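As given, the protein sequences belong to chains A and B, one line each in that order.
If you count by this note's numbering, then the first sequence holds residues -14 to 108, one letter each, in order.
If you count by this note's numbering, then the second sequence holds residues 490 to 627, one letter each, in order.
Simulated from the structure, these hints should not be mistaken for laboratory data.
Keep in mind that a hint or two might mislead.
Unchecked claim - Computed list of lysine-lysine pairs in PhoX-like fashion (alpha-carbon distance at most 20 Å, straight line):
#1 B/K594 with A/K21
#2 A/K84 with A/K52
#3 A/K21 with A/K84
#4 A/K84 with B/K594
These numbers were taken from a predicted model, which means no experiment stands behind them.
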Amino acid sequence: MAIIRSVPLKDATTTAMTSCGVGTAYDVGGVYAGTKLYAGLHVLSSSTGGLLVRIQGSSSSGFGGGKFTSHVAFVQNSCKFGEWATPLTTGTVTSTHRKFWRAEWGMTTSGESYKFLPWMGIQ
Amino acid sequence: MATVIYTDAKFFLGGYNLSADHNQIGLDYSSEMLDVTTMGDSTRIHAGGLDTATVNGTGFWNGGSGNADEALFGLIGEPNYRPEYAQKVLTLFPDGIVEGTSTLKGYAMKSVLANYNIGNTVGDMLTFDLTAESAGTD
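Sequences are here, hints too, so could you generate the full structure?
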């Protein structure tokens, strides 16, 4: 496979995020046998400190406490960069087929400013 | 949504948003065609081989720190000596960015920038064109 269909999980490409947060949960579908979860991140602006972006999955859209898992953790970085995460299979996304996904982002100190775009795709 | 008037493509390469630098972006996605014709066949028989994807773009040259020229010049080949270029993830959205979309998904691939050409005739805008080739997905 040469190319992945990508679903953006957080569009922070024009308005920079300046504090930690989580994005809206979206039904992107489950990771079933024979498929993989692909994920990528573009960090489009730099700031002193570091940005850490994760992709989390849950079996419910509410993402209740203890009912979700961070499956992808991109490398923490403070400068412009792009990252292609190691693809995940059913063995690494647990036996429960999680269909709801969201992005979580954090920064080392409040007040840092980052533009970024995390996406995922299941194929 | 079945059709799109092409005005809002989004093009990201590594740590750069190159959307506003381009006035043309295209994707070619194909499979190599292997000839498996044997004696007795009356037509050529083909089988699908390895997939390949190519992104082509043209736009207006934009120099200076953090702009398209800096990004593209440094990306030719495999310049892994600069950390921000170490992984050249390329993502293309055909009609804006819609979070969680099921209908306006983008196209993403690991890429290697094959060429970056600049120039034009006197009196015209200085333009560039680029070609980025797929470099796997795993």
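Hint check:
no.: 1; hint: B/K594 with A/K21; verdict: 17 Å, holds
no.: 2; hint: A/K84 with A/K52; verdict: 13 Å, holds
no.: 3; hint: A/K21 with A/K84; verdict: 13 Å, holds
no.: 4; hint: A/K84 with B/K594; verdict: 17 Å, holds
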